[in-house]
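Asker: The listed protein sequences derive, respectively, from chains A and B. Taking the numbering used here, the leading residue of the first sequence gets 1, the next gets one more, and so forth. Taking the numbering used here, the leading residue of the second sequence gets 1001, the next gets one more, and so forth.
Watch out, some of these pointers could steer you wrong.
What the hints assert, rightly or not - Only pairs whose alpha carbons sit at most 25 Å apart, straight line, appear in this in silico DMTMM-like list of lysine to aspartate or glutamate:
| # | chain 1 | residue 1 | chain 2 | residue 2 |
| --- | --- | --- | --- | --- |
| 1 | A | LYS71 | A | GLU83 |
| 2 | B | LYS1079 | A | GLU28 |
| 3 | A | LYS11 | B | ASP1039 |
| 4 | B | LYS1042 | A | ASP63 |
| 5 | B | LYS1101 | A | ASP86 |
| 6 | B | LYS1045 | A | ASP24 |
| 7 | B | LYS1101 | A | GLU28 |
| 8 | B | LYS1042 | A | GLU44 |
| 9 | B | LYS1079 | A | GLU44 |
| 10 | B | LYS1079 | A | ASP24 |
| 11 | A | LYS14 | A | GLU56 |
| 12 | B | LYS1045 | A | GLU83 |
| 13 | B | LYS1101 | A | GLU52 |
| 14 | B | LYS1042 | A | ASP86 |
| 15 | B | LYS1045 | A | GLU56 |
| 16 | B | LYS1042 | A | GLU105 |
| 17 | A | LYS57 | B | ASP1082 |
| 18 | B | LYS1042 | A | GLU83 |
| 19 | B | LYS1101 | A | GLU44 |
| 20 | B | LYS1042 | B | ASP1007 |
| 21 | A | LYS57 | B | ASP1007 |
| 22 | A | LYS14 | A | GLU44 |
| 23 | B | LYS1045 | A | GLU105 |
No lab work stands behind these hints: they were computed from the structure. All values reported here derive from a predicted model rather than from experimental measurement.
Letter by letter, the chains look like this.
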Amino acid sequence: DTGVSQNPRHKITKRGQNVTFRCDPISEHNRLYWYRQTLGQGPEFLTYFQNEAQLEKSRLLSDRFSAERPKGSFSTLEIQRTEQGDSAMYLCASSLGSEGALTYEQYFGPGTRLTVT
Amino acid sequence: RKEVEQDPGPFNVPEGATVAFNCTYSNSASQSFFWYRQDCRKEPKLLMSVYSSGNEDGRFTAQLNRASQYISLLIRDSKLSDSATYLCVVNGGADGLTFGKGTHLIIQP
């Protein structure tokens, strides 16, 4: 399967714990995006990388959230001191892209469903 | 005003009928437009990009009206498998996409 992959697919954690999710993009895609989706809402943009550089972060991304893409391939999203409000589906997407270019089509992974109890 | 607005539905449509959705967006600088389809508890899947001249892909037709800042999706000869949530998506630059809340479509046999 050459699509976007994410793991784990499901994560249940207790409030206050730290969690880390991984995303592996489509191999030739240089852009990687993280989104969060709650029930009844469309996905909300969190942050994106072009290669290893994190180029934009949404105001939704509080200080408890951090994302990395150290080698410009896979990415991790960490949430520290989780809160019940962090319960959501965390989606990763990838695309081709170049500086100043229009947005190319983004392809999503299956998501990681986080439940904070 | 929300950045991307859609009628949440649900739209209940008999199989074989034609159904149309509209979506409005607030950022006049938006440059890229898409329709995504999302099945229950699955990830969004790209249905089609929307071009200024309008475009068609089989039973699906997308239109863009920049002056009025709306996007439409038309589905002809609807199938049971078309039942899903359809997300209108807009981008104003090289950052993440802005999604509407989606329109829920139910095709009835």
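Asker: Does each hint hold? Answer for all of them.
Answerer: Against the structure, the hints come out as follows:
1. Of the supplied pair hints, the one linking A/LYS71 and A/GLU83 is violated, its CA atoms being roughly 30 Å apart against a limit of 25 Å.
2. For the proposed pair B/LYS1079 and A/GLU28, the alpha carbon gap of about 34 Å is over 25 Å, so the pair is violated.
3. Of the pairs offered as hints, the one joining A/LYS11 and B/ASP1039 holds, with about 21 Å between alpha carbons and a cut-off of 25 Å not exceeded.
4. Of the supplied pair hints, the one linking B/LYS1042 and A/ASP63 is violated, its CA atoms being roughly 28 Å apart against a limit of 25 Å.
5. Among the hinted pairs, B/LYS1101 with A/ASP86 is consistent with the structure: their alpha-carbon atoms are about 19 Å apart, no more than 25 Å.
6. A distance of roughly 17 Å separates the Cα atoms of B/LYS1045 and A/ASP24; the hinted pair therefore holds under the 25 Å criterion.
7. Under the criterion of a C-alpha separation no larger than 25 Å, the hint pairing B/LYS1101 with A/GLU28 is inconsistent with the structure, at around 30 Å.
8. With a C-alpha separation of about 15 Å, the suggested pairing of B/LYS1042 with A/GLU44 holds against the 25 Å cut-off.
9. Proposed proximity of B/LYS1079 and A/GLU44 is contradicted: the alpha carbons are some 29 Å apart, above 25 Å.
10. Restraint check: the Cα-Cα separation between B/LYS1079 and A/ASP24 comes to about 33 Å, which exceeds 25 Å; the hinted pair is violated.
11. In summary, the hint linking A/LYS14 to A/GLU56 is not supported, as the alpha carbons are separated by about 29 Å, beyond the 25 Å threshold.
12. The hinted pair formed by B/LYS1045 and A/GLU83 fails the criterion: a straight-line CA distance of about 29 Å is larger than 25 Å.
13. A threshold of 25 Å between alpha carbons decides the hint, and for B/LYS1101 with A/GLU52 the separation of about 30 Å lies outside it, so the pair is violated.
14. A threshold of 25 Å between alpha carbons decides the hint, and for B/LYS1042 with A/ASP86 the separation of about 19 Å falls inside it, so the pair holds.
15. Between B/LYS1045 and A/GLU56, the direct Cα distance comes to roughly 23 Å. Compliance with the 25 Å bound is thereby established for this hinted pair.
16. Only pairs whose Cα atoms come within 25 Å are accepted, and B/LYS1042 paired with A/GLU105 is accepted, the gap being roughly 18 Å.
17. With a C-alpha separation of about 34 Å, the suggested pairing of A/LYS57 with B/ASP1082 is violated against the 25 Å cut-off.
18. For the suggested pair B/LYS1042 and A/GLU83, the alpha carbons sit about 24 Å apart, so the restraint of at most 25 Å is met.
19. Of the pairs offered as hints, the one joining B/LYS1101 and A/GLU44 holds, with about 10 Å between alpha carbons and a cut-off of 25 Å not exceeded.
20. With a C-alpha separation of about 21 Å, the suggested pair B/LYS1042 and B/ASP1007 falls inside the 25 Å cut-off, and the hint holds.
21. A distance of roughly 28 Å separates the Cα atoms of A/LYS57 and B/ASP1007; the hinted pair therefore is violated under the 25 Å criterion.
22. Pair hint A/LYS14 plus A/GLU44 holds up; C-alpha atoms about 24 Å apart against a cutoff of 25 Å.
23. At most 25 Å may separate the alpha-carbon atoms for a hinted pair to count; B/LYS1045 and A/GLU105 meet this at roughly 10 Å.
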